[in-house]
Amino acid sequence: MLLVYYSSSSGYTHRFVGKLRHPSLRLPILTKDETLRIEEPFVLVTPTYGAGPNRGAVPKQVIKFLNIESNRRHLMGVIGAGNTNFGEEYCRAAHRVAAKCHVPVLYRVELLGTPEDVEAVNLGLDKLCASSLKTAM
Amino acid sequence: MTAADAAAECELGRELNVENLTLASHVDAINWNRVIDPVDDDVWDRLTGNFWLPEKVPLSNDVPSWATLTEQEKTLTMRVFTGLTLLDTIQGTVGAISLIPDAVTPHEEAVLTNIAFMESVHAKSYSSIFSTLCSTKEIDEAFRWSRENTYLQSKADIILSYYRGDDPLKRKVASTLLESFLFYSGFYLPMYWSAHAKLTNTADLIRLIIRDEAVHGYYIGYKYQRGLESQSEERKQELKDYTMNLMFELYENEVAYTHDLYDSVGLAEDCKKFLHYNANKALMNLGYEAMFPKELTDVNPAILAALSPNSDENHDFFSGSGSSYVIGKAENTEDEDWDF
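In the order they appear, the protein sequences are chains A and B. So the first sequence is numbered by my numbering: it starts at 5 and just counts up by one. So the second sequence is numbered by my numbering: it starts at 442 and just counts up by one.
The shape of chain A in the complex, shown without the other chains (with noise of 0.2 Å):
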């Protein structure tokens, strides 16, 4: 299963997925770069961001790759990575995506994950691969 995913510079969301055993493609780090465009079925992956319970989780280089239509189509589920110390904004911006574009929070992990994360998360996107589970919209 693709994974498309956003990391900053801090890159811990990056040294995650390049843990898992399934091809990724990063996000563009500076919100003016040209954003990618997918014609196959992925699973997003995206930390959190911002100051407060409304203002800005999602990463905005995640919202302006899913502003494109055909992007969204092929979105199956969102892996949301962040600290459970950040209390109720824990991995809030996955669970925002999944309610803004219909699909489920596949996984949560904390920071760089660790080794039963990786497991849990590639076994569980074999599974993904294999079901006939609906794209958004």
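Do not take every clue at face value.
[Said to hold, decoys possible] Taking lysine-lysine and the DSSO-like style, the derived pairs with C-alpha atoms no more than 27 Å apart in a straight line are:
1. 639/B to 714/B
2. 104/A to 64/A
3. 497/B to 23/A
4. 23/A to 515/B
5. 515/B to 677/B
6. 735/B to 131/A
7. 681/B to 23/A
8. 611/B to 639/B
9. 611/B to 681/B
10. 23/A to 64/A
11. 565/B to 515/B
12. 677/B to 611/B
13. 714/B to 23/A
14. 131/A to 23/A
15. 714/B to 735/B
Hints are computed from structural coordinates only; laboratory data are not their basis.
With chain A's structure known, arrange chain B on it following the hints.
Chain B alone, transformed into the frame defined by chain A:
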């Protein structure tokens, strides 16, 4: 303690503090329109957006709940909070400030002043809890305990010795382990009370502190990793070994501290799982892989739910075999950002 004793103690603290303080000989005006590292800007926004004061939390609503605790539970709670006060005091007056001369951008310096100030807010907020719930005599007794407890003093001494050292990267390691690991033997208790519907307003305040510490640990850990990039392989290995050794040293002391505090109420083992879980996260903040295996980090779900209300596995499609799949409830979003 007399006022003169208190003054003498302060004087001693100050001497330690100036020992290695290097003041910059030249400072340029900070230009926030030329940000060198965008993470400085992001973290500044996040920290200032998170700003809070203890006066905003209705702690007095916890007075009836406090009255339901046994004397032993009250003593434990106060001791835990003086322990946390000590760590926040260290971080506010020594830790975050000791990192300023090592900053590589002016914006990093500014972020560190914010971190130092918020640590002082945290330290003061425990006093707000005390003054709301306890008598002056009880408060003084708890602070006396904090000065005399071997394990608490040992953890402070270990950290302070690294802050006084001359290696900027090692200082960042010590700081990140304090922010992301050492607080958690203390944070465990208010999360435990919250899970049992006790001291829930106090828990709300502690969650604000936890949120701040998460940003601090992330940021200082990130700066450590940036600093590491330019080091030789040999030096990288040295720093990794140093981190693991310091983690073990602190961990052993934390285990002893945890037993000392929690054995009387039978919670030491439960708390230790929370320590392992957070030790892993502290290491990840420094860019290292988790150290403790799953069997040792299966934190009591009630504690995890008190920390993050939507952290339960039912939100995860993979782990629930799909059976528990629920589409997230609709939320108001900034629709101007979304074209659809």
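Hints versus structure:
Distance check on the hinted pair: residue 639/B and residue 714/B sit about 21 Å apart at the alpha-carbon level, within 27 Å; holds. For the hint linking residue 104/A to residue 64/A, the alpha-carbon distance of about 15 Å falls within 27 Å, and the restraint holds. Among the hinted pairs, residue 497/B with residue 23/A is inconsistent with the structure: their alpha-carbon atoms are about 43 Å apart, more than 27 Å. A C-alpha spacing of about 46 Å is found between residue 23/A and residue 515/B, which places the hinted pair above 27 Å, so the restraint is violated.
Restraint check for residue 515/B and residue 677/B: not satisfied, since their Cα atoms lie roughly 45 Å apart, outside the 27 Å limit. Proximity of residue 735/B to residue 131/A is assessed by CA-CA distance (about 23 Å); at most 27 Å being required, the pair is judged to hold. Distance check on the hinted pair: residue 681/B and residue 23/A sit about 20 Å apart at the alpha-carbon level, within 27 Å; holds. Proximity of residue 611/B to residue 639/B is assessed by CA-CA distance (about 39 Å); at most 27 Å being required, the pair is judged violated.
Distance hint between residue 611/B and residue 681/B is fulfilled; the C-alpha atoms sit about 10 Å from each other, no more than 27 Å. As the CA atoms of residue 23/A and residue 64/A are separated by approximately 25 Å, the hinted pair is consistent with the 27 Å bound. For the proposed pair residue 565/B and residue 515/B, the alpha carbon gap of about 19 Å is at most 27 Å, so the pair holds. Proposed proximity of residue 677/B and residue 611/B is supported: the alpha carbons are some 11 Å apart, at most 27 Å.
Of the supplied pair hints, the one linking residue 714/B and residue 23/A holds, its CA atoms being roughly 25 Å apart against a limit of 27 Å. For the suggested pair residue 131/A and residue 23/A, the alpha carbons sit about 18 Å apart, so the restraint of at most 27 Å is met. Between the alpha carbons of residue 714/B and residue 735/B the distance comes to roughly 10 Å, so the proposed pair stays at or under 27 Å and holds.
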